[in-house]
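Protein chains: 2
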Amino acid sequence: MRQFIVIGHDAPTTDEFSLDDLAGGAGRLDVLCRCVSSGFFLSHAIREDVRLFLVLSDEFTIRFEGSELRRLNPDERSTAALVRAALTAREEAIGHMEVESTPGVFVSRRGFVDLLDSVAGTVIQLHEDGTPLPESEVPENPTFVLSDHHDFTEREAELLSERADARLSVGPEALHANHAITVVHNWLDTDGFANY
Amino acid sequence: MRQFIVIGHDAPTTDEFSLDDLAGGAGRLDVLCRCVSSGFFLSHAIREDVRLFLVLSDEFTIRFEGSELRRLNPDERSTAALVRAALTAREEAIGHMEVESTPGVFVSRRGFVDLLDSVAGTVIQLHEDGTPLPESEVPENPTFVLSDHHDFTEREAELLSERADARLSVGPEALHANHAITVVHNWLDTDGFANY
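Read top to bottom, the protein sequences are chains A and B.
For the record, in the first sequence the residue sitting at position 118 is 118 according to the numbering used here, with numbers rising by one throughout.
For the record, in the second sequence the residue sitting at position 127 is 127 according to the numbering used here, with numbers rising by one throughout.
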């Protein structure tokens with residue numbers, strides 16, 4: 001199982017946004033939608049062994065479960081519609097209990113700390129100053145933590161320095177989060193670039 | 001210079017499409033917009049050494065020139081707006097002459113054959129059955145040719161088997177074109193995964 005946590009600092013917490021304005025009125029939901037797409041899509045299939053969490057402004061967490069996902073399309077707008085449906089269902093989410101809004105998409109009232117408490121496996125922070133991917137062992141059941149277009153906040157960075165098992169870098173260039181996810185998948189798909 | 005040619009088989013050839021329906025009424029323009037985004041974006045910069053061509057239904061070619069690009073944003077919708085502006089300017093494009101529609105974006109009446117005739121450098125077809133990236137030399141001035149969500153047509157495949165200098169594979173999984181571009185950039189950024 002490959003898990004990704006994407007922290008959205010500039011993300012909607014209500015369903016009152018227009019699908020026509022994802023990079024404006026919806027904060028930067030476009031960034032998060034691209035991460036979902038990179039997380040799950042192969043050319044002719046969905047990666048069923050992936051679980052991806054979007055943390056929305058440290059208030060809600062949306063879980064996308066690869067093995068159960070339906071109605072996911074690669075374009076930003078349709079992914080944003082799934083996020084909006086999850087935010088419509090947020091009213092029913094009590095405590096940390098999840099509510100399934102569409103098949104394979106779950107919403108809960110959880111911020112980053114609570115989410116991190118709940119994940120198992122190796123926690124890996126993706127970071128420009130981390131160990132280059134080829135110099136790292138390929139982890140089993142990794143959980144990669146990424147930030148959106150903003151840096152991790154001081155609090156998130158502190159938490160990760162305590163809790164992350166490793167810090168890895170996806171190359172000499174600083175990449176967008178969705179591109180970093182694609183590189184990580186490629187690294188895992190090829191057993192660390194060894195069985196390409 | 002890194003060049004990419006993305007062949008859009010299901011792409012608009014007029015500006016009469018809605019930005020609200022990129023994955024429907026505009027053919028699959030969403031696929032091509034994601035390729036543009038993967039082609040150019042770094043976290044805090046645009047890759048100025050990149051030139052990317054979109055071939056629209058073998059009728060028009062739009063050239064995005066990294067060193068001159070302005071107004072490019074990573075979301076699909078705003079990239080589609082640049083494509084639409086280019087298609088509005090298509091009326092002024094006579095023969096193979098290009099017209100600049102917005103800074104760094106040029107449109108011409110050219111299909112794939114004419115475009116391929118005009119590019120210099122090493123032509124590389126990205127293909128599932130190609131040589132794995134790590135087993136290939138890192139080319140200077142490569143031009144990567146990719147197809148959208150459809151396979152290359154028989155005619156395109158024939159042309160590429162004659163004209164391409166190499167066929168490379170981006171891993172054991174068949175990837176979306178935009179994800180393949182990201183992997184290729186990572187490979188080039190790291191001198192073939194060697195200087196990660």
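Calculated from the structure, these hints are not laboratory results.
Yeah, the Cβ is synthetic: ideal placement off N, Cα and C, and Gly gets one too.
Among the clues, some could well be false.
Claimed, not checked - Partial chain A-side listing against chain B, Cβ under 10 Å, derived:
id	residue
1	Gly25
2	Gly27
3	Gly66
4	Arg70
5	Ala174
6	Leu175
7	Asn178
8	Asn186
9	Asp189
(request) Tell me, in ascending order, the numbers of any earlier hints that this structure violates. (result) Numbers 1, 2, 3, 4 - these are the hints that the structure violates, sorted from lowest upward.
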